[in-house]
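Counting in my numbering, the sequence shown runs without a single skipped number right up to 107 at its last residue.
Hints were generated in silico from the structure; no laboratory data involved.
Fair warning: this is a prediction, and the values are worked out from it, not measured in the lab.
A couple of the hints might just be wrong.
What follows is a set of in silico ranges between Cβ atoms, one per label pair, in the way DEER data are often shown [what the hints assert, rightly or not]:
(1) K41 with V95: 27 to 37 Å
(2) P38 with N93: 16 to 26 Å
(3) A72 with Q44: 26 to 36 Å
(4) N93 with E37: 31 to 41 Å
(5) N15 with A88: 17 to 27 Å
(6) Q70 with K41: 35 to 45 Å
(7) C42 with D10: 32 to 42 Å
(8) P38 with V95: 35 to 45 Å
Backbone N, C-alpha and C define an ideal beta-carbon position, used for all residues, glycine too.
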Amino acid sequence: MRSAESSRADLLFLNFNQEASCISVGTRQGFAIYNCEPFGKCFQEDIGGIGIAEMLYCTSLVALVGAGDQPAFSPRRLRVWNTKTGAAICDLNFVTAVLAVRMNRQR
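Using the sequences and the hints given, assemble the complete structure.
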């Protein structure tokens, strides 16, 4: 059984979506999506360390940035993930680390 202190150490990112109806969580194991009302986990994917997980409103699209624990999840790579299919839609690689991601319906 894991202690509360070690569980907190696994948390890398936490953010509300644009409507404040869901919470996206990035951990050393992957990412998860929680509904706020009623509160409950609606999606989880264990794909490796995720440092940023930004939702597009309440859609199935999530922008992911790796925590750098694995080469496939570099902090310099932005990956758009479809939670319905469980697959990446596209990858964008940058010269420096991605520090933040903001999404809207226009771009």
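Hint by hint, here is what the structure shows:
{"no.": "1", "hint": "K41 with V95: 27 to 37 Å", "verdict": "holds (35 Å)"}
{"no.": "2", "hint": "P38 with N93: 16 to 26 Å", "verdict": "violated (39 Å)"}
{"no.": "3", "hint": "A72 with Q44: 26 to 36 Å", "verdict": "violated (19 Å)"}
{"no.": "4", "hint": "N93 with E37: 31 to 41 Å", "verdict": "holds (37 Å)"}
{"no.": "5", "hint": "N15 with A88: 17 to 27 Å", "verdict": "holds (20 Å)"}
{"no.": "6", "hint": "Q70 with K41: 35 to 45 Å", "verdict": "violated (23 Å)"}
{"no.": "7", "hint": "C42 with D10: 32 to 42 Å", "verdict": "violated (20 Å)"}
{"no.": "8", "hint": "P38 with V95: 35 to 45 Å", "verdict": "holds (43 Å)"}
Consistency with the previously given hints fails for numbers 2, 3, 6, 7, ordered from lowest to highest.
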